Amino acid sequence: MKTTQPRSRRLRGFLTIFLFLLPALVLFFGLVVAPILLAFYASVFKWNGMRGLPTDFIGLANFTRLLADEVFLGDLWRGLLLIILSVAIQLPLSLGIAMLLNQKIYGRAFFRLLFFAPYVLSEAITAVLFMMILRPDGGLANQILGWFGIEGPEWFADPSTVMLSLFIVMTWKYFGFHMILYIAGRQGIPRELTEAAQIDGASGWKVFRYVTLPLLGPTIRISIFLSVIGAIQLFDLVWIITGGGPSHSSETMAVTMFQFGFKRFQVGYASAISVVMFLISLVFAIFYQRYVMRRDLEGATTVLRDQR
Amino acid sequence: MSASRRRQSPTAGGPLRILSLHAVVVITALFVAVPLLYGVLGGFKTTQQLSSNPIGLPDPWVPENYTSVLASSSFWRMLWNSTYIALLTTLVVVAVSALAAYVFARFAFRGREALFTMFAAGLMFPFAVAILPLFVLLRMFGLLDNPLGVILPQAAFGMPMTIIILRGFFRAIPGEIEEAAILDGCTPFGFFWRILLPMARPAIATVSVLAVVGSWNQFMLPLVVFSDDSLFTIPLGVQQFQGQYATDVARVMAYIVVAMLPALAFYAVAERQLVSGLTAGAVKG
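Protein chains in written order, with our numbering: chain A, 1 to 308; chain B, 1 to 285.
Calculated directly from the structure, the hints in this document are not laboratory data.
Small disclaimer: the values here were computed from a predicted structure and weren't measured.
Where is the CB? At the ideal position from N, CA and C, for every residue including glycine.
You may find that some hints are simply not true.
[What the hints assert, rightly or not] From chain A, some residues computed to sit far from chain B (all C-beta separations above 12 angstroms):
(1) 8
(2) 34
(3) 61
(4) 64
(5) 65
(6) 70
(7) 149
(8) 246
(9) 257
(10) 291
[Claimed, not checked] Distance ranges between label pairs, derived from CB positions:
(11) B:87 x A:10: 33 to 43 angstroms
(12) B:198 x A:58: 52 to 62 angstroms
(13) A:264 x B:23: 32 to 42 angstroms
Generate the whole structure from the sequences, applying the supplied hints.
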């Protein structure tokens, strides 16, 4: 009696844990892990995606083809371009606006609500709205430029402006999201720290540069992380507005994958693209967490030491 | 004297500085608001009016674009599809994640952290990576052209964020409450159902709002799962309508403005939960 009771209790505890976790495990393995494994499997076959599993094994041929494909290499370059533009323009804008809205600005609650509103609209709606606004003939943007005597560009229809146009749309939709992150981060900074700097005679800019900005480090690093992951997976906007055109000049990895997987039925090759997207996200996430986010801990301890 | 002047300067500043700060905010506000207003007013114009008079008020006001959207049964059907898919997704993801988060928060067992890390790692992998094999799997299970083919994968991909947020909240509930409940004869599920969930109501609201917004705006998954347009959700409908009436710009504008309204209304009601969920998720993720 005495020996069986703890064992049965342990068994019951194990059973409880198992039953509580079961639904989550089934969903996660069935619909997140299994697809990723299937992508790895399919990526070494030549396969049109028809029923059953692929049989025509071709080793790493899909990957060598991928690395020689100008469109795919262009995808990588365009992804990088979007990341650079986001980090250099969109995030500083969000940070600046967040700092402004942290001050005594008339109607700041309204502005915060307005700036964040585009984030809740779907990319589909955003895409169609900006297709109307950036129409080369008769769209709002070119009409306004016309008042100043400027002949507007072709926006999405011109290979040389299409990426910049997409970036404008992305900024419209997402800068408010990053702004919200920065506002939350700013509110997490104890008031005493900025006040102390002010009493010591630091100007507004110096308080920002030497107190606020370093303490916002963790928020900024997360905001960059989310921008990069967002750029790697960018699909909806591009697919609806340009479909990757004109002549591949706005294609992203996800669009290329979609073209081959769902339009041209080269599922093996498209799986290879999925695998590369997966590996890029994985390597980036591990690298970033290990070498960039880790500094957050060091920063926090040095700040504590300085305070003491 | 000089100290107080210095203390004020960074926030107060001269009138010129205050004016320029406001100018920056107002210009940004125009950048955000003008596209939306252009859409709303554009919907009340005819397409010819729109090119001759892009910015001014409609003259005359033409309500036909809006009334024709509101009178079309396909729009209401898509609204209904989006609504029940969002609600069922939310129900599944919150139920499944809450059970798992309870275990991760309040049970000690070998492999717990490894399992949790595996779920959390799911955060990094967006639909785009898995959509193609997911399509193959859903076809194998016979879930194409079936709402479950959208609901279940959305729930699966929503789990990492939901589990992370709920686990943090469940952990904060004192152990004494659980001990008292167990002494009173509560089973683990009884504690979870009758005490933990009611106490976690704010966290449940937060993750539910995130799940609803995520499902409402999802485009890629319904795009590949649904080929029958009676199952279409609003984002698919928007794309389809744009394709059909591309040249009738004013009509497309009216359509997207009506399509925006439910999301904006939801945002007006649930802004606080949405913001707290996104910031919590970003900081912990």
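Hints versus structure:
Remark: the non-interface label on residue 8 of chain A is consistent with the geometry, its nearest Cβ contact in chain B lying 15 angstroms away (cut-off 12 angstroms). The beta carbon of residue 34 of chain A is not kept farther than 12 angstroms from every beta carbon of chain B, the shortest such distance being approximately 6 angstroms. The Cβ of residue 61 of chain A lies farther than 12 angstroms from every Cβ of chain B, with a closest approach of about 18 angstroms, so its non-interface assignment holds. No Cβ of chain B approaches the Cβ of residue 64 of chain A within 12 angstroms, the least distance being about 20 angstroms, so the stated non-interface status holds.
Residue-level check passed: residue 65 of chain A sits 17 angstroms from the nearest beta carbon of chain B, beyond 12 angstroms. At roughly 21 angstroms, the least C-beta separation between residue 70 of chain A and chain B is larger than 12 angstroms, which holds for a residue marked as non-interface. The claim that residue 149 of chain A is not at the interface with chain B holds, since no C-beta of that chain comes within 12 angstroms of its own (minimum 16 angstroms). No Cβ of chain B approaches the Cβ of residue 246 of chain A within 12 angstroms, the least distance being about 16 angstroms, so the stated non-interface status holds.
The claim that residue 257 of chain A lies off the interface is violated: its Cβ sits roughly 7 angstroms from the closest Cβ of chain B, which falls inside the 12 angstroms cut-off. With a least beta-carbon separation of about 16 angstroms from chain B, residue 291 of chain A lies farther than 12 angstroms from that chain, consistent with its non-interface assignment. At about 39 angstroms, the beta-carbon gap between residue 87 of chain B and residue 10 of chain A stays in the expected band of 33 to 43 angstroms. The hinted window of 52 to 62 angstroms between residue 198 of chain B and residue 58 of chain A holds, with their beta carbons roughly 57 angstroms apart.
Restraint check, residue 264 of chain A to residue 23 of chain B: a C-beta distance of roughly 51 angstroms breaks the suggested window 32 to 42 angstroms.
Violated hints, listed in ascending order, are 2, 9 and 13; each of the other numbered hints is respected by the structure.
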